[in-house]
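Novice: These protein sequences, in sequence, are chains A and B. In this text, residue positions in the first sequence follow this note's numbering: the first is 66, and each later residue adds one. In this text, residue positions in the second sequence follow this note's numbering: the first is 481, and each later residue adds one.
Just so you know, not all the hints are guaranteed correct.
To be verified - Rough simulated footprint, nothing fancy, chain B against chain A, three-plus residues with beta-carbon under 8 Å:
id : stretch
1  : 85-99
2  : 106-113
3  : 130-144
4  : 174-181
5  : 195-202
6  : 209-218
7  : 223-230
The hints are simulated quantities; they were obtained by calculation from the structure and are not laboratory data. Given the structure is predicted, the values throughout are model-derived calculations rather than measurements. C-beta atoms are modelled at their ideal positions from N, C-alpha and C, and glycine is treated no differently.
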Amino acid sequence: MSLAAAASQGFLSPSGVEIAFVLVGIATLGAAVVSVTTKQLVHAALWLVVALGGLAVEYLLLTAEFIAWVQVLIYVGSVVVLLLFGLMLTKAPIGRSPDADSGNRWAALAVAVAAAATLVTVVIDAFRSTWLDLDGAVQGSAEVTGISLFRHWVLPFEALSVLLLAALVGAIVLSRINRGRER
Amino acid sequence: MHLVYPAVLAALLFCVGLYGVLARRNSILVLMSVELMLNAVNLNLVAFDVWLRDALHGGQALTLFTITIAAAEIGIGLSIVLLVFRNRGTADVDRLTDLVDSLAHGTDNASDDGRDTVRNADGKAAA
Chain A
66 MSLAAAASQG FLSPSGVEIA FVLVGIATLG AAVVSVTTKQ LVHAALWLVV
116 ALGGLAVEYL LLTAEFIAWV QVLIYVGSVV VLLLFGLMLT KAPIGRSPDA
166 DSGNRWAALA VAVAAAATLV TVVIDAFRST WLDLDGAVQG SAEVTGISLF
216 RHWVLPFEAL SVLLLAALVG AIVLSRINRG RER
Chain B
481 MHLVYPAVLA ALLFCVGLYG VLARRNSILV LMSVELMLNA VNLNLVAFDV
531 WLRDALHGGQ ALTLFTITIA AAEIGIGLSI VLLVFRNRGT ADVDRLTDLV
581 DSLAHGTDNA SDDGRDTVRN ADGKAAA
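Please model the entire structure based on the sequences and the hints provided.
Specialist: Written out as structure tokens, the structure reads:
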């Protein structure tokens with residue numbers, strides 16, 4: 066659908082970056098779809114790795130280099146490992162589990178398709194004639210991001226570290242309450 | 481690059497995550513789908529930051545903040561899910577029906593679920 070929009074604007078030939086973006090995007094989307102539809106719970110987490118890694122490549126193609134490596138480090142490195150730990154600790158069955166999807170799957174599918182149709186229509190209509198300029202000054206190298214982060218965004222950054230500490234303490238407290246009660 | 485490519489990809493990823501949140505039964509898979517939705521928003525933020533060439537790099541800074549908050553959210557969410565699993569013996573969102581309105585929902589299922597829960601709690605206490 067995005068190809069049709071580009072063609073209707075008389076955009077002659079897609080550039081190499083666009084072709085790469087579309088190919089990686091198809092792979093990412095496919096991995097995401099498999100991740101939310103597969104019956105094997107552990108495979109869902111592993112397909113999520115593919116989807117998140119594909120998104121990191123998309124960030125690289127959008128010249129957001131630092132974000133891409135943060136994505137690889139935090140999402141692929143720690144969030145998926147946490148999810149796998151969660152699956153193991155809740156005794157997720159290895160192999161196919163027929164009740165992975167709940168009964169309202171078709172309603173969910175209808176809602177998702179309706180939302181996708183609406184969003185894609187609106188987005189294509191809104192940004193039909195907008196092009197990104199990827200050849201200018203670098204937007205997302207570690208140097209540029211670091212300078213802007215510590216020059217203009219210091220206060221939110223520090224507040225975020227407090228939030229992370231609160232989340233850490235909260236997770237510890239949640240894990241300990243039950244043990245205290247059992248004694 | 482045409483801005484439509486990242487915007488459409490983000491919209492589609494968001495809807496895939498939406499489907500996962502609504503259709504999955506295991507709560508950890510629901511958390512995974514929430515991560516997909518957050519990532520779609522991140523892609524949008526990065527794309528619009530590159531498009532607008534913001535002097536403050538607001539989009540990329542916000543993306544970093546979103547990634548951090550998502551990490552905190554997944555930590556807290558998983559510890560809550562583990563707590564529920566320890567107390568109830570299940571992590572299926574369909575079976576956590578303690579707050580269901582039993583009159584409107586039919587009394588059979590609700591009483592069964594209630595007995596299940598009580599039995600699990602007793603077993604846990606006895607052990």
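Novice: For this structure, which hints from the list above don't hold up?
Specialist: none
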